[in-house]
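Listed here are the chains, written in short residue letters.
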Amino acid sequence: MNQPNIYEPIRATVEEVIQETPTIKTVVVVPEKPFSFLAGQFAFLTVPGVGEAPFTPSSPPSRKEKTDFTVMKTGKVTEAIHRLKSGDQVGLRGPYGRAYPLKDFEGREVLLVGGGVGLAPLRSLFYALMEQVEKYNRILFCCGAKTPDDYLYKDEVFTEWQSLCACQRLNFRLTVDKKDENWQYQEGVVTCTLDNIDFDVSTAVAAVCGPPIMMKFTTVKLLQLGFRDENIYLSMERKMYCGVGHCRHCLIGTRFVCKDGPVLTFAEIKNEPDAWA
Amino acid sequence: MERYFITYSEWVNFLGKKSQQSELMAPVLSGSFLHYQKCQGEELKQVVWSQVRPVQPVKFFFFPYHEEILPGLSEQSPRVILGVTACDLAGLQVLDRIFAQSDFKDPNYQKRRERTLIISGDCYAPIDVCFCEKVGLQPYPEKGFDLNVSALEGGFLLEVGSEKGRNFLSELTGLSEASEEQLHQQAKMRNKAKETVLQFNQPFNFPSDLPNKIQPLLLAEEWKEVWQKCVQCGSCNFICPSCACFFLEDQSRGESFEKARTWDACLFPGYARMASGVSPRPHLYERYRNRLACKYVYLPGNFGLVGCTGCGRCIDGCAGRIDKRKVLTKIFGKNPNSVIYEPAKHL
Numbered sequence: 001m002n003q004p005n006i007y008e009p010i011r012a013t014v015e016e017v018i019q020e021t022p023t024i025k026t027v028v029v030v031p032e033k034p035f036s037f038l039a040g041q042f043a044f045l046t047v048p049g050v051g052e053a054p055f056t057p058s059s060p061p062s063r064k065e066k067t068d069f070t071v072m073k074t075g076k077v078t079e080a081i082h083r084l085k086s087g088d089q090v091g092l093r094g095p096y097g098r099a100y101p102l103k104d105f106e107g108r109e110v111l112l113v114g115g116g117v118g119l120a121p122l123r124s125l126f127y128a129l130m131e132q133v134e135k136y137n138r139i140l141f142c143c144g145a146k147t148p149d150d151y152l153y154k155d156e157v158f159t160e161w162q163s164l165c166a167c168q169r170l171n172f173r174l175t176v177d178k179k180d181e182n183w184q185y186q187e188g189v190v191t192c193t194l195d196n197i198d199f200d201v202s203t204a205v206a207a208v209c210g211p212p213i214m215m216k217f218t219t220v221k222l223l224q225l226g227f228r229d230e231n232i233y234l235s236m237e238r239k240m241y242c243g244v245g246h247c248r249h250c251l252i253g254t255r256f257v258c259k260d261g262p263v264l265t266f267a268e269i270k271n272e273p274d275a276w277a
Numbered sequence: 001m002e003r004y005f006i007t008y009s010e011w012v013n014f015l016g017k018k019s020q021q022s023e024l025m026a027p028v029l030s031g032s033f034l035h036y037q038k039c040q041g042e043e044l045k046q047v048v049w050s051q052v053r054p055v056q057p058v059k060f061f062f063f064p065y066h067e068e069i070l071p072g073l074s075e076q077s078p079r080v081i082l083g084v085t086a087c088d089l090a091g092l093q094v095l096d097r098i099f100a101q102s103d104f105k106d107p108n109y110q111k112r113r114e115r116t117l118i119i120s121g122d123c124y125a126p127i128d129v130c131f132c133e134k135v136g137l138q139p140y141p142e143k144g145f146d147l148n149v150s151a152l153e154g155g156f157l158l159e160v161g162s163e164k165g166r167n168f169l170s171e172l173t174g175l176s177e178a179s180e181e182q183l184h185q186q187a188k189m190r191n192k193a194k195e196t197v198l199q200f201n202q203p204f205n206f207p208s209d210l211p212n213k214i215q216p217l218l219l220a221e222e223w224k225e226v227w228q229k230c231v232q233c234g235s236c237n238f239i240c241p242s243c244a245c246f247f248l249e250d251q252s253r254g255e256s257f258e259k260a261r262t263w264d265a266c267l268f269p270g271y272a273r274m275a276s277g278v279s280p281r282p283h284l285y286e287r288y289r290n291r292l293a294c295k296y297v298y299l300p301g302n303f304g305l306v307g308c309t310g311c312g313r314c315i316d317g318c319a320g321r322i323d324k325r326k327v328l329t330k331i332f333g334k335n336p337n338s339v340i341y342e343p344a345k346h347l
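These protein sequence lines map, in sequence, to chains W and G.
So for the first sequence, the numbering used here puts the first residue at 1; every next one is plus one.
So for the second sequence, the numbering used here puts the first residue at 1; every next one is plus one.
Don't read these hints as lab results, they were simulated from the structure.
Since the structure is predicted, the reported quantities are computational estimates derived from the model, not experimental observations.
Among these hints, one or two may not hold up.
[To be verified] Derived lysine-lysine pairs resembling DSSO-like cross-links, with alpha carbons at most 27 Å apart: (1) W:K33 - G:K105; (2) G:K194 - G:K224; (3) G:K330 - W:K270; (4) G:K111 - W:K259; (5) W:K25 - W:K179; (6) W:K66 - W:K25; (7) W:K270 - G:K224; (8) W:K103 - W:K146; (9) G:K105 - W:K216.
Use the sequences and the hints to build the structure in full.
What follows is the structure in structure tokens.
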């Protein structure tokens, strides 16, 4: 009779809050009890007295002692998250959902496409891939943001990660919608970076995360390039309350974004009348 | 199946005794409608047997409109619900799949379910909005009950559906097996009820294997017309025996984590709207279609059960007087083969 309540979060302490862009912060939390997740899974971050919201962690899944959540200020809960300071108490509930099938990615070319705050879950996936980089044929990471200032993880994207390219099968293509005088990469929306891709599209996989409109057009582009429906992994965004397939808010057709997602392949959603928000 | 006959006074007296140990909820006439009410002793004489489903579905007992979910309920005292109709049992089965039989168990739902004994009842008097026959159900319970009661002349036919039900009857000594004549009487009443439902539904034309047939029609143009009297009040959601959507709110005080949940309705514009303000179903016709798709396609896909039980409450309760059966007739009026689904359309 005394089963644990599925809604009970793990208590966690905020260790650090990093301002990434004017509207996005990364909150580093240290959970009281062990908390681990796989790349692609998500968790609810609770601010006591305010509410909880679902996020995919942005830290490497192998780092167990603390977890990063990169959060854009858009609503009531995210505003409260932005007000957090180190030492504050929060709650963690999860992990929920299905992880990226990294085993299936082995031996294939992997394309990551991230736009704006969509870079957050891809950072976690990127670290997971890099830990066994020799297993994947090639990795191309395409990132986009509105302006250079809107880039997340600037130290990593522009310095640390670039230095990894020299010795490994890894490449980056960076773009901004509107460049400034110091920008030395591409200009244009993120789909521009997908031109001239020399991947074997019959087997290559793509993981896409960003605002709904970006995901939609990136999918169109990938399909044009010849990517297979089942090889396009989309981080779907839906309103969500329970995370366990009860409240039914996140359904896309018969698929729960919380249980079957949050990453669904294009093949899984393409026949649903309201797949795109 | 064990079937017994019991006289009216024996049964009511027995329930009167039981009402001292358990909370008994039963359909009672209030105004011109049946409502579940708590009954004790003499009040049990007011219980209406083998009539149409009460106004509120049994979902209200297991999944209340608003409740605290964290911390969950403490231990619950036993409760007996009488006169649950087949349509409501079917709705309860859907809730069981969602809350008690999926990977995650809902703490409150399970506790309420475990403490409850379900005594179902035949429905001899379907009303004009009933359409159980059209969704593959009958106006009498076939499974999912602990005991079933069918009113007969001078008494009741009791059917045992579970161990829990058998135990409930254990204090009744000398129960007589139902006779052929009594079984025949029950069958006669049941057939009559079936015929009544069929008669009420003659004007409507849609296939009974809705899940397979309606999916290719989800992009039919007709959806843009059928919703037009909908005022998005959500009454069809709330009164539905299988609608179980809810939202959660934090209500912690100090440092503790406390949560409450409240029913939500997929017809509300804010239901699926995300923090960014974007919604996958910004138009009312999309939300209306989603509600029906959920009943006939998504719930069967998720849990193997059709969500619609044909109870007709959504027709009764609709402020815009939308009759779902007319909607389905209109949607199926089109030749299914003429709708060609092209994913590229909405890309």
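A quick look at each hint next to the structure:
1. Note on K33 (chain W) and K105 (chain G): the hinted pairing holds, with a Cα-Cα distance of about 22 Å set against a maximum of 27 Å.
2. For the proposed pair K194 (chain G) and K224 (chain G), the alpha carbon gap of about 34 Å is over 27 Å, so the pair is violated.
3. Proximity of K330 (chain G) to K270 (chain W) is assessed by CA-CA distance (about 26 Å); at most 27 Å being required, the pair is judged to hold.
4. The straight-line distance between the Cα atoms of K111 (chain G) and K259 (chain W) is roughly 24 Å, inside the 27 Å bound, and the hint therefore holds.
5. For the given pair, K25 (chain W) sits about 22 Å from K179 (chain W) by alpha-carbon distance, which is consistent with the 27 Å threshold.
6. Note on K66 (chain W) and K25 (chain W): the hinted pairing holds, with a Cα-Cα distance of about 16 Å set against a maximum of 27 Å.
7. Using a Cα cut-off of 27 Å, the hinted pair K270 (chain W) and K224 (chain G) holds, with the two alpha carbons roughly 21 Å apart.
8. This hinted pair does not check out: K103 (chain W) and K146 (chain W) have alpha carbons roughly 33 Å apart, beyond 27 Å.
9. Of the supplied pair hints, the one linking K105 (chain G) and K216 (chain W) is violated, its CA atoms being roughly 35 Å apart against a limit of 27 Å.
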